[in-house]
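Quick mapping for you: the protein sequence lines, in order, are chains A and B. Here this note's numbering is used: position 451 in the first sequence is 912, and no number is missing along the way. Here this note's numbering is used: position 97 in the second sequence is 141, and no number is missing along the way.
Read the hints as simulated data drawn from the structure, not as lab findings. Be careful, since some hints might not be right.
What the hints assert, rightly or not - These stretches of chain A come out as covered by chain B in the derived footprint (C-beta under 8 Å, 3 or more residues):
| no. | stretch |
| --- | --- |
| 1 | 521-534 |
| 2 | 706-717 |
| 3 | 722-734 |
| 4 | 739-750 |
Stated by the list, open to error - Now the stretches of chain B that chain A is said to cover, found in silico as 3 or more residues with beta-carbon under 8 Å:
| no. | stretch |
| --- | --- |
| 5 | 61-68 |
| 6 | 73-83 |
| 7 | 127-138 |
| 8 | 150-157 |
To be verified - Going by beta-carbon spacing under 8 Å, a handful of chain A positions derived as facing chain B:
| no. | residue |
| --- | --- |
| 9 | PRO637 |
| 10 | GLN753 |
| 11 | ILE754 |
Backbone N, C-alpha and C fix where the C-beta goes; we use that ideal spot for every residue, glycine too.
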Amino acid sequence: MIGHRLRFETKHATEFVDITDRLRDLMTSAGLTMGRVHLQSLHTTLGLAVNENEPLLLHDFEALLERLAPTGSGYQHDDFARRLDIAMDEPVNGHAHCRQLLLTGFATLLVEDGELVLGRWQSVFAVELDGPRHREVAVQLDGEFTNKPVGDHRKEGAANLVELELTRQLMVDPEPVALPMRRLVEAGGKRLRPRLVQLTAGIGPRNEPLRAASLAAAVELLHNATLIHDDYVDESTHRRGRPTVAAAEGPERAVAVGDYYFAKATRLIAEIGNGGVTLTIAEALEAICASQIDDVALRGAFPGDHDSYLRVVRGKTAALFAAACASGALLSEAPPEVVDALRRYGVLLGVAFQMADDMVDFSPSSGKPIGLDIRQRVLSLPLIYAAEDRTVGPEVRRLLAGVLDDEAVSRVAELVTSSDALRRVRDEATELVEAAVHELETVELDGLRPTLIGLARSAVDRDS
Amino acid sequence: MSPPAQVIDRDLERLEGLWDDGLADAFRAYMRAVTGYATATQPKLALAAALVEVGVRLQGLGGRAAAPPTLLMGDLCLARSSRLLADAAPQSVQVAFARAIEEMSSAAASGRPAPHTRKLLLQAVADD
């Protein structure tokens, strides 16, 4: 049995949020082959429904709900003079509660052969009845699991192509540089950037999976090259559960390996022979390096502020996400408006991803030691928000200004967790993801919109 | 000493302090080697080569690793060079530059004697 929370922001008072693709992604990544997906709304004004996702029909449903439980038609629940213990921000929402009674707060979907059992026209909706709000749906996956994600074989094949290309490239390199990089690559990583390259490389008219895999592998090598230098700069001892190159083999080797793969990746990209792609990646690399300098400079004013955080993260993380999206689309010769929309999607996704990454530092289920960012004085939005907090802020600031021994790190982590900081970061990340999704609404993406939406949401909705 | 007019501000942004710290000399040396390219391309190519030369020196490639802030300046030099090449250089020159850095860093990782940086980069700009 696997438990999960789907989190999202709604934008309208009444809204049908199609969560089918998110459920599919969840099921696929968990490897559920045969069983059930149980859903439960965690709100009294959020319903669940299985129906057809046809825009006019959704308007009909909305009109039906309005007819059956009209807004403001004298609900006793809205008569605050007669109620006890009402919150300061209690909404007038008797109609929303009544509408929820007409829907359901629970649903169970069947899974067979790694696929959700849904009819051709069936989609799964979370139905907002009192928005806009932050919402959560509890999900449990129950049944038989494989160790390997199931479902989309095309996706699996594409991922394999990148892994093969990475292996091939690392086989031909001199051992003193290849060995440390091989250890880093084989230790895992989410491979989000190559995945974005491959997905967007399927959008335009020139769809060539081998070229896309070559570009995707080069982008992953470039990302790993920057991590090798980062780890030396941050004095990190471990990455992906293994010693960093600097820690294992010394800073001199780390500098050389980082440089080698920076050069090799730029060469592989140049050899693809698409000037737009080469320039896009080169500009991203420049932004990454410039923001690394800012990041280190800001450690003097640790934990910094929201604006500085955004400026650094846009370069340090989001630039390569954006370049991955744009370069794939450029490779496939997608129209300029599509490339631009994907670039904006990538920036927003990258910032949201970094925020989610910051939260992992405070998650006991992440498998990583809690408080690593605190110890290394790495720019982190939960820390910035905790330092601003009226209740815990003074103590957080005092601790961060002193020596960060185990006790101090543990106390700061405790203060961050007890404050509103993590909720604020999660809300902000979720808003950014929704903004990223919005960027995809006006362009033609050759059927890839649901996958890109699912990828954006799952990148933020994670524990590790 | 100010950079010549052919070098635009954007190309030296954040790296201005390096101009008098070896970048100007290297730039002039490479300018003499790129006369076969279009006039507008020459300063970009020469600056790209000079940035690689200064960048790997700052990083301490092949010697003692630089302190983190200096390493990051070196990284920015290499990234800027890469962007200049993507902007202005033919594909063959982009590839030749990358191969030159691969050779230098591979030697450094293997503990082999470092190849002569300027010689490698002069060869790279001459490759087209």
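Results of checking the hints against the structure:
1. Counting residues of the stretch 521-534 of chain A whose CB lies closer than 8 Å to any CB of chain B gives 0, so the stated coverage by that chain is violated, three being the minimum.
2. With 7 residues having a Cβ less than 8 Å from any Cβ of chain B, the stretch 706-717 of chain A passes the three-residue criterion, so the hint holds.
3. Interface restraint, the stretch 722-734 of chain A with chain B: holds (8 residues with C-beta to C-beta distance below 8 Å; minimum three).
4. Three residues within the 8 Å Cβ limit are the bar, and the stretch 739-750 of chain A against chain B gives 9, so the coverage statement holds.
5. Note: the stretch 61-68 of chain B has 0 residues with beta-carbon separation from chain A under 8 Å; the three-residue rule is not met and the coverage is violated.
6. Against chain A, the stretch 73-83 of chain B contributes 0 residues with a C-beta closer than 8 Å to a partner C-beta. That does not satisfy the three-residue criterion, and the hint is violated.
7. Counting residues of the stretch 127-138 of chain B whose beta-carbon sits less than 8 Å from any beta-carbon of chain A gives 6, enough to reach three: the coverage restraint holds.
8. Counting residues of the stretch 150-157 of chain B whose beta carbon lies closer than 8 Å to any beta carbon of chain A gives 5, which meets the minimum of three for the stated coverage.
9. Interface restraint check for PRO637/A: the shortest CB-CB distance to chain B comes to about 4 Å, inside 8 Å, so the restraint holds.
10. Taking 8 Å as the C-beta contact cut-off toward chain B, the hint placing GLN753/A at the interface holds, the least distance being around 5 Å.
11. The interface hint given for ILE754/A is met, as the beta carbon of that residue sits about 5 Å from the closest beta carbon of chain B, less than 8 Å.
Going down the numbered hints, you'll see the structure goes against 1, 5 and 6, while the others check out.
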